[in-house]
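J.: Sequential numbering from 0 applies to the sequence shown in numbering that gives the first Met the number 0.
No wet-lab data here; the hints were simulated from the structure.
Wrong hints could be hidden among the right ones.
Unchecked claim - Label-pair restraints from in silico Cβ distances: (1) 46 x 226: 42 to 52 Å; (2) 226 x 256: 22 to 32 Å; (3) 193 x 99: 29 to 39 Å; (4) 42 x 219: 35 to 45 Å; (5) 158 x 49: 53 to 63 Å; (6) 151 x 171: 16 to 26 Å.
Unchecked claim - Keeping only pairs whose Cα atoms sit at most 27 Å apart, straight-line, the calculated DSS-like set for lysine-lysine is: (7) 22 x 127; (8) 50 x 85; (9) 22 x 50; (10) 79 x 50; (11) 91 x 127.
Each residue gets a CB set at the ideal place from its N, CA and C atoms; glycine is no exception.
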Amino acid sequence: MVTQPSGGQAGLSYADIVDLADKAPLVANVRIRNIIAIKPDQAGNVPAGHKRLFVEADVTGLIRGEAGISPLVTYLYDAKTDARGKIPKLKKAQVILFARPGSRPGEIQLTAPDAQIAATPAAVERVKGILSALVAPNAPPRIVGLGDAFHVAGTIAGEGETQIFLRTENGDPVSLSVLRRPGQAPHWAVALGEIMDEAARPPEPGSLLWYRMACSLPATLPARSVRTLSAQDAEAARADYGVVIAALGSCGRTRVPG
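Build out the structure end to end from the sequences listed, making use of the hints.
T.: Right, dumping it as structure tokens:
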């Protein structure tokens with residue numbers, strides 16, 4: 000991981016930012032006022048190649064959270080050091096924090112060790128867009144696993160349809176459908192609701208629905224999802240599920256979610 004002068008990570012992907020934003024009840028744009036390096040014997044468990052800092056920062060914009068946040072916040076941050084053991088220049092840096100309220104007024108806690116990123120104009124707009132998608136009334140639910148799969152073979156060779164139900168955190172229905180016709184590429188779609196209508200399409204890459212699927216679905220269809228199917232139908236369902244996974248591609252995480 001590359002440390003930017005402002006203390007954030009370079010090259011964070013869409014999935015990385017959603018990972019950070021989705022778990023943060025407080026997201027703020029701040030300007031670092033002061034930093035104090037904590038002595039190693041008082042810093043606790045600090046990752047190798049890092050130095051723990053006590054940071055004071057002025058809130059310049061609240062992106063998500065209660066309007067009554069203190070204008071001055073304090074928090075701990077583990078800054079990556081260079082080959083000489085020096086930390087990046089942080090004083091006066093403008094950064095975005097993904098955090099939760101602390102136990103005392105003005106005190107906050109980062110939701111992950113790297114939940115401080117450079118507040119470039121592009122990053123601020125990106126974070127705002129992601130947060131808007133997360134709180135939208137029609138936001139797709141978190142996916143926690145796969146439910147049952149069903150397959151119906153067609154009347155001619157190479158024809159068939161598979162439907163796979165997804166398990167979601169809030170119980171909202173989400174399902175996949177894969178349709179095969181002879182001489183055509185498989186067509187698949189995702190439905191947010193009880194019914195798979197003609198308007199259903201695959202998710203747009205880089206959208207929240209795509210993230211929910213690409214970053215949550217297992218690579219293969221588990222045995223429990225096809226336990227009620229014949230061997231032939233189960234094989235067809237697994238192949239159709241593979242079409243979906245291949246089309247979604249990698250979710251593109253560059254960091255381990257905290």
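J.: Give a verdict on every hint.
T.: Results of checking the hints against the structure:
Between residue 46 and residue 226 the C-beta distance comes to about 43 Å, which sits within the given range of 42 to 52 Å. For residue 226 and residue 256, the hinted distance range of 22 to 32 Å is satisfied, since their beta carbons lie about 30 Å from each other. Taking the beta carbon of each, residue 193 and residue 99 are about 35 Å apart, inside 29 to 39 Å as hinted. Checked against the given bound of 35 to 45 Å, the beta carbons of residue 42 and residue 219, roughly 43 Å apart, stay inside it.
Separation of residue 158 from residue 49 is about 57 Å and conforms to the stated range, judged on CB atoms against 53 to 63 Å. Roughly 25 Å separates the CB atoms of residue 151 and residue 171, a value that falls within the hinted 16 to 26 Å. In summary, the hint linking residue 22 to residue 127 is supported, as the alpha carbons are separated by about 15 Å, within the 27 Å threshold. Distance check on the hinted pair: residue 50 and residue 85 sit about 9 Å apart at the alpha-carbon level, within 27 Å; holds.
Between the alpha carbons of residue 22 and residue 50 the distance comes to roughly 24 Å, so the proposed pair stays at or under 27 Å and holds. With a C-alpha separation of about 7 Å, the suggested pair residue 79 and residue 50 falls inside the 27 Å cut-off, and the hint holds. At roughly 22 Å between alpha-carbon atoms, residue 91 and residue 127 fall within 27 Å of each other, so this suggested pair holds.
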